[in-house]
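Peer 1: Sequences listed follow chains A and B, in order. By the count of numbering that gives the first Met the number 0, the first sequence reaches residue 713 at its end, each step adding exactly one. By the count of numbering that gives the first Met the number 0, the second sequence reaches residue 713 at its end, each step adding exactly one.
In short, the hints are calculated from the structure, not lab data. In this text the structure is predicted, and so the values were computed from the model without any measurement. Virtual Cβ for every residue (Gly too), placed ideally from N, Cα, C. The reader is advised that the hints may include incorrect statements.
[Claimed, not checked] From chain A, some residues computed to sit far from chain B (all C-beta separations above 12 angstroms):
#1 Ser-101
#2 Leu-228
#3 His-284
#4 Ala-315
#5 Ala-347
#6 Leu-390
#7 Ala-409
#8 Val-443
#9 Ile-539
#10 His-541
#11 Lys-546
#12 Asp-577
#13 His-579
#14 Gly-613
#15 Val-646
#16 Gly-695
[Unchecked claim] Per the computed footprint, the stretches of chain B lying under chain A, defined by three or more beta-carbons under 8 angstroms from a beta-carbon of chain A, are:
#17 3-13
#18 312-320
#19 609-621
#20 676-684
[Stated by the list, open to error] Over the 10 angstroms line for every Cβ pair with chain B, so calculated as not near, a few chain A residues:
#21 Asp-83
#22 Thr-86
#23 Gln-165
#24 Ala-283
#25 Arg-322
#26 Thr-543
#27 Glu-617
#28 Val-618
#29 Arg-645
#30 Arg-651
#31 Gly-652
There are 2 protein chains.
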Amino acid sequence: MSRAALDRLFRPRSIALLGASEDFVKISGRPLKFLLDKGYGGKIFPVNPKYTTLAGLPCYPNVAAIPEPVDLAIVALPAAAVVDAVTQCAARGIPAAVVFSSGFGEVGEDGRRLELQLAEAARRGGLRLCGPNTLGFMNTFDRVMATFSQAGEGEASEGPVAFVTQSGAFGTAIFALARQRGLPFGYFVNSGNEADLDFADLLDYVVADPRVRVAAGYIEGLKDGRKLLAVSERALELGKPLVVAKVGRSSAGARAALSHTGSLAGSDRVYSGVFRQKGIVRAAHDEELLDLVSAFLHCPLPEGRGVGIVTQSGGAGVLMADRAEEIGLVVPELAEETKERLRKVIPAFGSAKNPVDITAQFIADPGLLRSSLEIVLQDPHVDAAIFYLGLMERFADQVVANLREVHAGAKKPLLVAWAGAPEAGLRALGQSGICVLPSAARAVNAVRGLVEYAEARSRWKQSRGAESRPGGGREQIQSLVRACRSEGRRVLTTGESFGLLSRYGVRVARSRLSRTPAEAAQAAEEIGYPVALKIESPAIRHKTEAKALRLDVAGRQEVLRAFQEVVTEARRHAPEADIHGVLVQEMVRDGTEVVVGVHHDPQFGPVVMVGLGGIFVEVLEDVSFRAAPLSREDAEQMVAELRGARVLEGVRGRPPADVPSLIEALMAVSRLAADAAGEIAELDVNPLLVLPGGRGAVAVDALTVLAEPGTGSP
Amino acid sequence: MSRAALDRLFRPRSIALLGASEDFVKISGRPLKFLLDKGYGGKIFPVNPKYTTLAGLPCYPNVAAIPEPVDLAIVALPAAAVVDAVTQCAARGIPAAVVFSSGFGEVGEDGRRLELQLAEAARRGGLRLCGPNTLGFMNTFDRVMATFSQAGEGEASEGPVAFVTQSGAFGTAIFALARQRGLPFGYFVNSGNEADLDFADLLDYVVADPRVRVAAGYIEGLKDGRKLLAVSERALELGKPLVVAKVGRSSAGARAALSHTGSLAGSDRVYSGVFRQKGIVRAAHDEELLDLVSAFLHCPLPEGRGVGIVTQSGGAGVLMADRAEEIGLVVPELAEETKERLRKVIPAFGSAKNPVDITAQFIADPGLLRSSLEIVLQDPHVDAAIFYLGLMERFADQVVANLREVHAGAKKPLLVAWAGAPEAGLRALGQSGICVLPSAARAVNAVRGLVEYAEARSRWKQSRGAESRPGGGREQIQSLVRACRSEGRRVLTTGESFGLLSRYGVRVARSRLSRTPAEAAQAAEEIGYPVALKIESPAIRHKTEAKALRLDVAGRQEVLRAFQEVVTEARRHAPEADIHGVLVQEMVRDGTEVVVGVHHDPQFGPVVMVGLGGIFVEVLEDVSFRAAPLSREDAEQMVAELRGARVLEGVRGRPPADVPSLIEALMAVSRLAADAAGEIAELDVNPLLVLPGGRGAVAVDALTVLAEPGTGSP
């Protein structure tokens, strides 16, 4: 998208207010008030046939009557009048509009139709549109108050945080909480119904603004997740953290999201996977969103997972150490030298071990706080430090002064958890650029966010050099798909699936399709005994359930008999099934069962899944997802995050599995998935047998389902 | 413990202050100030040879000089003087003391010795002692300010919450946060080093006070967990919720707990299991502790898991629905009638589905809030309701008035999540007895706590009728243990273990011990082919690893050969092992592998574990614990909470397992565990094969390890 078009939206040199009112309490009156109050520097043109002047400004009967160029139209008219108004704006050459009006997609079928007309009017007129059904936006850097939200009241302090929200009311509440905390938002943007510009478009613009350092978002569902991924790539490039609360995870949540904004809530597992892949830090709720924004705003990135915890109370230290280890941080033993130095400053009834307890003594001895924190921050195993304290109404100034000194000299993240803090203390720390949170657990969670982003950024840097080899198989895939469709098939044969997998570098079990017992015996001879026999029929996707396979078949007679048995069972299971024959396959032994899959996600396009076979997938749903293609680091991380990952290291007397080959196979499947975008709906390699270390990984069965023609365009 | 003795501690008619000072800033001066300020009604006797009067009161050179009876001594002396002082108090007939002094167990070996002397002095003198190294306690009902904590400052509002904490500094911070929220604490108690009275003793007393309705605790480690369980049983009986933050979960946490209070942090899994069993609601951190206290204080118990969510913002509704389902609550579809009624009051752009979105319209139409909340609360699927709103500085009075009305008529829990609430609104709701929390997610978590406790209480009521049958096997166990010990063995034979299990009603696989191949063949004939042969040797605990077992052996010749093979493998594996023979056992098929275990926990005594076999236990550590004995409800819940529980319903084509038989077996093992307390250190039934529905559950192998003599007394 052209940045210039959005410049006109977000940094207009002049604004027309359609439906402007002199009642500053009304939706139609508030933007004018905010623009005047906050000192917007451009020209303002109220448009309303009822007035000739408004708040001292000339008021125009329609946009055509405005004598000067207009960059942005703010539309506060009844829904029925909006399409016409936007058409007139476009005709007048206005490049951008914000449409407050509700009564569109959110109110049913008629509204949806009206919204389509609106989108079409904007598209035809070359006008970019935010809304409808939006609170609008504020760009406080440039005093552009294109909103009627309560957020426009109060002080509009500019600052390096940008916030884009799909929910108006909840977004406003979050904004207000941020203001209470003194977090400076330069952008507050509500995407509304997203008839034209969507969440990702708007986020893309604000993230790129050089005055923005941290971006936050609230999402209920995306229409095009790939656009968000592109934004997150640019954000990684720019080193600007994205913190996003994504709701609509559960079935009840998804139900609500549908009825709320008409957007589709995607599968939560896919969201989590691709967010992790692209360094989007996910906040569980509004409070955590702001905690993370505060941490990113005030802290450098940590270089590892080690947290040094310093407290005035052993209890809080234990609680924080618990929480830290629970969420994957490390509470390292401090170096001997560090402990030695700490023991010299900490009272005997304190603790020089991590978590460090300096006791309430630091009130009487102000140097204690400073020196102990400095010593801990200097420890080579400590990547970030948290200082916990409670209350201290009477000693707030002293505490703040000490923390300022430590912070000024610190090169690592330093967070303060201050329970029941006096207001003045909080404000003073915030003004000094120190991240302060009101509880022990929340400070630990915030460090976790810093670590997660730092790791994602370092993965991204590593993978940037090693460009994913292009698969180059798109033409082959398309011709295969055409051939299948011409035969009226949506499912590839195992041979076809194996062919594709091989083409992308996945090793497949040696197999031959046989149509007669004699052919099967001949195939077995060539492959070598023992072999497996499996029915080959597009109608029978689960061969074990149909009992239509035989394993470990050795000898010609046995193969002849097994052929018959397999066909008989298949016919019993599915009398109508079209049977292509019986696949004779080498027996692969000693492998750890893994499932690798591709799915065409409605938001994110082709995504890759990995899970361990058997109960891990079927009972525990222990799988991880990423968007295709995968970097090596992506593939490694998605395997590592499986709960059962330890199985690959060898358990119950089994040797460790060849994980590097699994990683290669995952990357290969992901290249296939990327090339096959829009052509393939699903691909299951189940199982991929990962052999003991050094011996590779072999696809033993595969199922490929083509996309319905016309869906999932790449 | 005699309640009367603690009455003297907590409700003394007179108090002696040892080491009293006229410097009210000092530890030794503060209790006197607090007692005077807060209007303690009993007599106060300062004791300090330096003064003759103190704050207008006669001051005594020693306790012997006090002319009247003394109930409580507050000891604020240097550590070295404490043992003598307490001895003198006891000699003077003082029944209770609080010892502030530090310099005991928390400062190393010398301190630990001094603490033992102190405990002994108290015990010998018949004096009950809180501390040393404690901030003391407050009983604001009776204005007993036996503390030097900052908590003693400010207003001492009495109220129905009791709080006992093992951490002084963190406890004080929590108390201060509670005061900020307006939560009225009647007791604030710090247990200190627990040389005599421990956490459970102190909690027991305050819970039983009829003026207390909710009890909260902060624990780092218990010396005797069984005492806490007894307290929790009494609390269930009284219907008073216990909310406890237990820290020291992780290895780093446990390390800190050790160095902090010298108490042992138990295994976190055991803590979680027994807390759930006994209705102790576990808070993850200080903030959640107070959220839960507030919910229990202000809400009736819900009768089910259904949450009705009402918001002014669809976004917050989705977030809450997500969180609710994530933590096991239900966000039910509302009844048709409810939706019908809601549609009549809610604007078209709102949502009459759960989560219900009444939109910001409720500001203009005050009746909307009241009627929609009332309608939702009346829905038969709704067991608790949450109303979310943000900000509303200007409309706080109106919101509060509406909520008050709804609350007055509500019989179900109603919680308010108010983000960025104005102070006045919070205070007004709190004063009206309405639970208000500052965020959407925290309100949902609090409902989860209410549900958890309500369910525990209902399980407890159900199980109360059905007294656990006494096992009655203690004598048999003791004689078996004596016999074993006389032979120098710590491990029972499989036959002995099977005997015990049978005695308690667990079905065991038919087995015979054979010493020769011929005996084995004879045994196999009697049992019926096929059979399993397993080495019987106390030195070989893992027969599969030693390859010292053969399965599915059919026919006499095969048994003879298998006998030799098993013995040969065993000798190869462990040349020095004492081999008792070879166990011949019926082959049990089609069972789902379950592991049932007993462990002597240092805090909670005999605890029972259940897990699914194989990777569930070994890789995923998917197990649950409870204290023995188990009620039926306990056993059912511990199976249900396994992540892999669905395996028992039948997966991958297997029939559902006989879960009722598993439950019976668990209860039987738990009776055995209770009878064997102090005698048995470990018992593993591995596997217990749970057969398809109706066919029972069979123990196929069992290992019993006796306690070291003199440990784990029952």
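Peer 1: If a hint holds in the structure, say so; if it does not, say that too.
Peer 2: Outcome of the hint check:
1. Ser-101: Non-interface label on Ser-101 of chain A violated, nearest chain B Cβ at 6 angstroms vs cutoff 12 angstroms.
2. Leu-228: Non-interface label stands for Leu-228 of chain A: nearest chain B Cβ at 22 angstroms, farther than 12 angstroms.
3. His-284: It is violated; His-284 of chain A is separated from chain B by about 4 angstroms at its closest Cβ, not greater than 12 angstroms.
4. Ala-315: 5 angstroms, violated
5. Ala-347: 6 angstroms, violated
6. Leu-390: At about 5 angstroms from chain B, Leu-390 of chain A fails to clear the 12 angstroms cut-off, so the statement is violated.
7. Ala-409: 22 angstroms, holds
8. Val-443: 9 angstroms, violated
9. Ile-539: 15 angstroms, holds
10. His-541: The assertion about His-541 of chain A is violated, with a minimum of 10 angstroms to chain B.
11. Lys-546: Violated, because the least Cβ-Cβ distance between Lys-546 of chain A and chain B comes to about 10 angstroms, which does not exceed 12 angstroms.
12. Asp-577: Since the minimum Cβ distance to chain B is about 24 angstroms, Asp-577 of chain A lies beyond 12 angstroms and the statement holds.
13. His-579: 25 angstroms, holds
14. Gly-613: The assertion about Gly-613 of chain A is violated, with a minimum of 7 angstroms to chain B.
15. Val-646: Non-interface label fails for Val-646 of chain A: nearest chain B Cβ at 6 angstroms, not farther than 12 angstroms.
16. Gly-695: Fine: 23 angstroms to the nearest Cβ keeps Gly-695 of chain A off the interface.
17. 3-13: violated (count 0)
18. 312-320: Satisfied; 8 residues make the cut.
19. 609-621: holds (count 6)
20. 676-684: violated (count 0)
21. Asp-83: 22 angstroms, holds
22. Thr-86: 24 angstroms, holds
23. Gln-165: 7 angstroms, violated
24. Ala-283: 7 angstroms, violated
25. Arg-322: 7 angstroms, violated
26. Thr-543: Non-interface label on Thr-543 of chain A violated, nearest chain B Cβ at 8 angstroms vs cutoff 10 angstroms.
27. Glu-617: 6 angstroms, violated
28. Val-618: 5 angstroms, violated
29. Arg-645: Arg-645 of chain A is in fact no farther than 10 angstroms from some Cβ atom of chain B, at 5 angstroms.
30. Arg-651: 6 angstroms, violated
31. Gly-652: About 7 angstroms separates Gly-652 of chain A from the closest Cβ of chain B, which leaves it inside 10 angstroms; violated.
When the structure is compared with the earlier hints, violations turn up for hints 1, 3, 4, 5, 6, 8, 10, 11, 14, 15, 17, 20, 23, 24, 25, 26, 27, 28, 29, 30 and 31 and for no others.
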